[in-house]
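K.L.:
Residue numbers (the numbering used here), protein chains in the order written: chain A, 1 to 360; chain B, 1001 to 1221.
Errors might be hidden in some of the hints.
Stated by the list, open to error - Quick partial rundown of chain B residues pointing at chain A, CB under 7 Å, derived from the structure:
{"no.": "1", "residue": "R1118"}
{"no.": "2", "residue": "V1122"}
{"no.": "3", "residue": "L1126"}
{"no.": "4", "residue": "A1128"}
{"no.": "5", "residue": "G1129"}
{"no.": "6", "residue": "I1137"}
{"no.": "7", "residue": "L1141"}
Keep in mind that the hints were calculated from the coordinates and are not lab data.
The structure presented is a predicted model; accordingly, all values stated were derived computationally and were not measured.
Ideal Cβ placement from N, Cα and C applies to all residues, glycine included.
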Amino acid sequence: MTLSLRGVRLKAGEFTLEIDAEFGGRVTGLFGISGSGKSTLVEIIAGLRRPEAGVVTLLGEVLTDGARGVHLPPERRGIGLVPQDGALFPNLSVEGNLRFAERRGVAAGKVFRRDHVCAVLGIEDLLSRWPVTLSGGERQRVALARALVSAPRLLLLDEPLAALDAARKAAILPYLQRVRDEFGLPVIYVSHVPQEMLALCDDMAVLAEGKLLQHGPVGEVFRRPASQDVARIVGVETVVAGRLLGGEGELASVAVGTARVIGLADQLAVGTLDVLVSIRAEDVMLVGAGSVTTTSARNQLPGVVAALVSEGATVRVELDCGFPLTALLTRQAVAELGLVVGGKVIALVKAPSVHLIARS
Amino acid sequence: MDNLFHVTLFTLGVALLSTLLVLPPGVALGWLLARRRWPGKALAETFVALPLVIPPVATGLILLKLFGRRGPLGVFLQQVLGVEIVFTWKAVVLATAVMSFPLLVRSARVAFEEVPQRLEGVARTLGAGPWRTFFTITLPLARRGLLAGGVLAFARALGEFGATVMIAGMIPGETITLSLGIYHEVQLGNDNAALVLLAISVVLAFGAVALSEWLLRRKTR
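Given these sequences and hints, build the entire structure.
P.N.:
And the structure:
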């Protein structure tokens, strides 16, 4: 995908949305708290709102050009939208909803066959049902299927899991991953939940008060927030890819870089091999090298200080422990430990603070 | 008896015709008021609501002045199309249509406002143009309110008196509807005939309400 937004501006409520961005990844996360302008941006991309200025192009085709008065209507953009509640048409059955969208798919000459889409999303048995009789999770799967059979060039998922409880969320996440892998469609995934960003997205863009604060690979944004604002919104976290080595009860051992960490495996499906290891920076304790004797922390990782970044009252300590690990310490603690770049330390992390997320 | 049958049929026919006439513009205006911003919208709203707030007789007088032989519209219709409105059955249809129009527009407006705009937006992203979106999503979702508005307009047309009597007069066999008939018979001292007409009116009103209930229920899912 290359979706480009140049000088896009729109006054929306309290703030002015002003975006300059190029989204190129397979799945790009759009991250921000509510009221940050995420949904407004989604509507601009879909063509449901017209920005006051700016140029929006998809794969080189101009969708909106404020200065030249160009505004391609939504039905000619080929951009599928799945909103928070699915927005199924209540006057049509599930099959009717799919048929409604299929017409565009056929016209576009490129069809994700309905049977195939239904099979991937597991909704074959719902076709004759009416939207009011569906559960929240079923509704979202049907909405996703409906968007897919319209053969979009880009899929916008606007907080598709926000209306679901934790159990339903966990149940639908694998479907989203399957859609991502099966249809090879570029996706913009809007959410304010870090776990969803980690599980689905390659890149992420952080939005606050109508401005794009940071845009980069997911792990990079979590590990190295570009500003204190970003750190406050997303939290500072180490996110690295790892491989499951095996486990003992609920504990799993994971190879990360040249190190091994131990985390809780109770959230993982059986047979998972590739995982993302995420450790929040405030969950990492540092002690001087050689001073640990016995501790409850399952992970004792010797490392070298790679960088010290001052952020107000706290200091972000970037370590090399065989993989890049970030810790968040107070300035006082840094002074007492005598931390300097190149110095040796041991990072202590409790197993429950090591979050493992399946990544196919 | 023959006369009764004729009056009943005439009243039903007029009410049906006037409802059918106001349906397309009423639905269109209701949609425009609910979904679009345009210059003069507030003025149009007030103008449409006028027949609801001023006395029906006054509305009738305005129509008489507009469509009368020397009224601007009356002259135009007669000279260009050769159509005479005042004191004919057409005047009855005109009066009932004007009186029921605001009821339909208001119902239609509310009905359209209750259709979530997000559904229409999503329909557009799925490849449906504005017309297809309107006919397959908006209209079906607004149908209950529109149906209720239609029944309301029909009922209003059945019972219209004030405006009709001004512009159509009381010409037996030509412009007399049930409500005009009731007044007419009482004036002549034929109370029994008036009561019969009254009974027919009640039955018709009852039938209209029952029909609308049945239609609404049938479409419920």
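K.L.:
Hint check: is the beta carbon of B:I1137 less than 7 Å from a beta carbon of chain A?
P.N.:
With a closest approach of 6 Å, the B:I1137 hint holds.
K.L.:
Grab the minimum C-beta distance from B:L1141 to chain A and call the hint holds if it beats 7 Å, violated otherwise.
P.N.:
Hint holds; B:L1141 Cβ to chain A Cβ min 6 Å, cut 7 Å.
K.L.:
Next item in the hint list is B:G1129. Is there a CB on chain A closer than 7 Å to its CB?
P.N.:
This interface hint holds because 5 Å falls under the 7 Å limit.
K.L.:
Identify whether the interface hint at B:R1118 stands, where standing means a beta carbon of chain A within less than 7 Å of its own.
P.N.:
5 Å, holds
K.L.:
Quick check on the hint: B:L1126 CB to chain A CB, less than 7 Å?
P.N.:
4 Å, holds
K.L.:
Min Cβ distance, B:A1128 to chain A: is it shorter than 7 Å?
P.N.:
6 Å, holds
K.L.:
Identify whether the interface hint at B:V1122 stands, where standing means a beta carbon of chain A within less than 7 Å of its own.
P.N.:
4 Å, holds
Hint violations for this structure: none, all hints satisfied.
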